[in-house]
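Novice: Based on the hints, put chain B in the right spot on chain A.
One line per chain: the protein sequences are A and B, in this order. Residue 18 in the numbering used here sits at position 18 of the first sequence, with consecutive numbering throughout. Residue 1041 in the numbering used here sits at position 41 of the second sequence, with consecutive numbering throughout.
In case anyone wonders, no lab produced these hints; they're calculated from the structure.
Partial chain B-side listing against chain A, Cβ under 10 Å, derived: (1) Ala-1005; (2) Val-1027; (3) Val-1028; (4) Ala-1045; (5) Tyr-1051; (6) Asp-1058; (7) Thr-1068; (8) Thr-1082.
Here are the simulated distance ranges between beta carbons: (9) B:Val-1069 with A:Phe-126: 19 to 27 Å; (10) A:Met-137 with B:Ala-1096: 38 to 46 Å; (11) B:Glu-1073 with A:Val-100: 14 to 22 Å.
Cβ coordinates follow ideal geometry from the N, Cα and C atoms, glycine included.
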Amino acid sequence: MQVVAFWALAVAAVGFGAAVFAVNSMARATFALLASFLCAGGELLLLGLAYPGVLTILMMIMEMLVMAVFMIMYMMDPGGLMPMSMVHGRRGALAIAAGVFAALAAGIVLTPWPHRQGAPPRDPAFALGEAVMGPKMPVMMVAGVAILATMIASVVLATGRGRYGGAE
Amino acid sequence: MSLQAFLLLAAALFAVGLYGALSQQSVVMLMMGLELMINGILVAAGAFWHYVAPGAADGQVLLLVALTVMALEMAAGFAVVTALYRAREVDTTDDAGDLKG
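With the rest of the complex left out, here is chain A (with noise of 0.2 Å):
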């Protein structure tokens, strides 16, 4: 059961990530990606990690939503109505991407795995939140101070005043 649903939502978030790239309206490729998203929540809910599974779904979610405005925003080809490539550098991309991944495969294939060491823990939520704020709090600190200086640095990027108000 397991398997069967690990290689369904497997083959399903390849497919739709790579549908993000085939589809021809940036808003239907902003659903294809969050499809994806949520296929990858799903393999971390079967690898038995309720809360970062859980998290990603719903983070995603959002996340979508709101690049969704996004790209309608800066839709190169609103509603289908004029038909264009996005692309370019087609063929080369392709060849790169499919070495990356030949490489990658090949790495995974001969690499001898260490075995596992250790259990699970019998609520992994739980050792996660005495990890970050135990043992790993400098890691959670980074992550706040770091998303306070995004939330500014996009703030200011995107305002179109400077600094000195409108006097520019």
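Specialist: Chain B alone, transformed into the frame defined by chain A:
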């Protein structure tokens, strides 16, 4: 299911994202490619946690960091696109190649 299967899925997602990031003209579509690449990293981090070291929380913390980075990347990327569009009415990578070597 095995570690290899999960890592192959992650590699496939990463490669599809790389193709998008390299081939798309629109800056926002390029960012979709980057997001897809980070999606692969999420799956790989989860698989490493489950199959290599489930006793330690490190894999989960890496997942949390990757998720945060993904959201920050999108926010900062859209801010840059907005600034670029406001300054020069440009939304494709070809028109923003000033620093190209």
